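A.B. asks: Those protein sequences? They're chains A and B, same order as listed.
The opening residue of the first sequence carries number 1 in the working numbering; numbering runs sequentially from there.
The opening residue of the second sequence carries number 1001 in the working numbering; numbering runs sequentially from there.
Keep in mind that the hints were calculated from the coordinates and are not lab data.
Predicted model, so just to flag it, every value in this text is computed and none were measured.
Hints are all accurate, no fakes.
With a straight-line Cα cutoff of 30 Å, these simulated DSSO-like cross-link-like pairs (lysine-lysine) come out:
id	chain 1	residue 1	chain 2	residue 2
1	B	LYS1442	A	LYS167
2	B	LYS1490	A	LYS71
3	A	LYS162	B	LYS1405
4	A	LYS167	B	LYS1416
5	B	LYS1362	A	LYS162
6	B	LYS1371	A	LYS188
7	A	LYS71	B	LYS1463
8	A	LYS188	B	LYS1416
9	A	LYS162	B	LYS1442
10	A	LYS167	B	LYS1463
11	B	LYS1416	A	LYS162
12	A	LYS167	B	LYS1371
13	B	LYS1416	A	LYS71
14	A	LYS162	B	LYS1490
One-sided excerpt, in silico: chain B residues whose CB lies under 10 Å from chain A:
id	residue
15	LEU1370
16	ILE1417
17	THR1418
18	VAL1422
19	PRO1424
20	PRO1426
21	PHE1428
22	GLY1431
23	MET1444
24	LEU1445
25	SER1449
26	PRO1455
27	VAL1460
28	PHE1482
29	VAL1487
30	SER1501
We put the beta carbon where it would ideally sit given N, CA and C, even for glycine.
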Amino acid sequence: MNRAILHMNMLCLLIALVPTAGAQKKQSPSSTPVRDVEYSDRTMNILPDLARRYRVVIGVSGIIIGTDNAKVNIVVRRGTLADVFNAITSRDSRFQWHQSDNGSIHFSVGNSPLSLANVSVRAFEVHNPIRIDFSSQIARIPEVHAWLSEHNCLLEQLFMGKPPTWKHFSIQRENAPVSSLFDEAASKSETYFWAAILYTGNPCRINVSF
Amino acid sequence: MSYAELGLMTGVADPMLNFPPDTVFAPFSVIRNISSQPITVVPNLYWMSGSVPQTAKLTAMTVPPFSTQALNMAALLPQAGLANYNGSVNLVLDVTGSALPGGLLLASGSVDSKNTYVFQVTPEGIKESIAKDLSYWSTANGNDTMVTLWNPADEDQDFAFKLFYSGGHYSFPIHLPARATQMFNISEIIHGAGPDSEGNVIPVGTSEGSAELSGPLGENQYILVSMDAGIYNQQKATCGPPCKTCQGAVDSWITDNPFATPLGTNHQLTFTIQNHSGTQINDTTFAGWNSSDTSVATVATGLVQPVAAGAVSIAAEDDYYPVYDTICSQFGITCPFETGVLGDGDGTVQVPTSLAGPSSSKTTYTGQELKDCYQRSMDPPVPAYYGYEECESYTVLDQNKDQIKQTGIAFDESLKITDTNVNPAPTFNNGSGSTDSDYIVKDMLSLGSATAPPPTGSYVLVKQTWTLHSSGATVRVNCLDFEATDVTVKDITSTPGATCSRN
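Given only the sequences and the hints, what does the whole structure look like? Please build it.
C.D. replies: Structure below.
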């Protein structure tokens, strides 16, 4: 056999193998296989449960004013998380979802997005924040503070009962959108879920949840 | 069974007793068998030679059914070498045979040769007892009270002879060697009395009262002793026995009746006996204990060990303990006449089945440190909090709706948001709780943040389910309606499938 042809054949084999190996290492979170997923609940109850069950960071942002007691019924016997997310959005048309570049799943309220989530932060650093105070630290970021002032809005995190604790972590980021700060906090604190919803228009209040 | 006839005078009267000269006594003892079976009687004589007890076993005799027989003391005394004895003897009759209880009548005493003086002696069955009482003694108006004690045991015994009189009491120690007899007049105690072991002295002029013979450890100590007493008056030539009784129980009971004990927690019961004197004795360790249903609870030495939820009756019984009888042994010949005391208590082995309440207390926060329902800092501390906190206090009820008073009963709390206009819903954890030192479960219901109190009009409806940690059984289901400034609790336990909704 011609040595050049042999070399070409080996190169082709390598080219064919490399993407396959890379795909196995970086499986998309939304392609996580699931079995027997069944819910009859509020979307905002289902998403944190999915996030913690499959350890996939899910963030929700948007504007939802008023009651939120509508249940969605979904059943996915065998499929992926993407199938579950699609089932949710098909039954709760307020939401749409996508997977961000960092692998987190972002749900947004389609016709009422929250632009705060996309505000770019030049620099943010926090060490071992307590859970009840984290939203205050986010609100003090100059770019976030400016957005809140411009929109005459309050950023808060409401708690019921004894405020829960979370795992200690630190964040040090530059030039990142607010949503990615939330993604990192949710991942490192192992709450895996965050939500930032504008839920009262007057006065404007954005409630953050982890 | 043996019967003692104490202090039978024989021979020339003791000059100290001031009888007329030449007064000579002879003892008598008469037995009537009123049963249909013959009995055999073995007479024994006990007397003191100086300070040394002496004993003689005499010839046995048979008493046929329904017949009476007088012991021939004139013939029996010489058998013991007492033909010319001047003094007092104790005649003890060992009775054997198949006669039923109550089939024997005894009479004894001493009579002088001129039939002027007849001193009755009350025969007494020899039986272990607790303290023995004399209803009355007198040293007034020429009276005196002579007491005769005989120790039938083969070992020395110590006693306390306690005089009770108006305004006080006085204890006189007595040591009786085995088989020994001691006779004394109460006037001797009164006249020779220094302070007793408690420092008591008999007031001048004391001349009547009652008395008790007990072991040195108190009236509840078991003793084996025969006692006889007579109130005599030399001037009037009279003598009569006071009423003798044996101290004993007039009541007995189990404390904590009814009682309740949670499953998993042992419960100590106490068996108490009250004597006729009013003294109460803890008889827990001496009584036998019994459970009516060992599948519900077992019991040993009063310690109830729950097995399963249910009702159980616990009984304690002391077959040996004397029962007080109002019949004077002046008329009965055995003291104590009967024994055996018991008590019982109804109990419940409790399992937590529901939470009752709650009672509520509310705190509003406007930037102060958040404290829990026991006013302790949170972990980690929450230095500034806006909102409110309502502490709900529940009591734990058992299967009969009675409160369970036990600390550390653990419960798990499950929360489920069913309706809200707060998005995302406030962060919360499923909680837990346990009964505290006041047997209360406290639940902290709060709504707020580190930034600002919840906005007016906000609400979160939560279905709260409490389960018993040990079994997972549901004990309470609530709908919690968190609003901007307070929370309401609605009990839906009777309809656990109900939805928490504002519609």
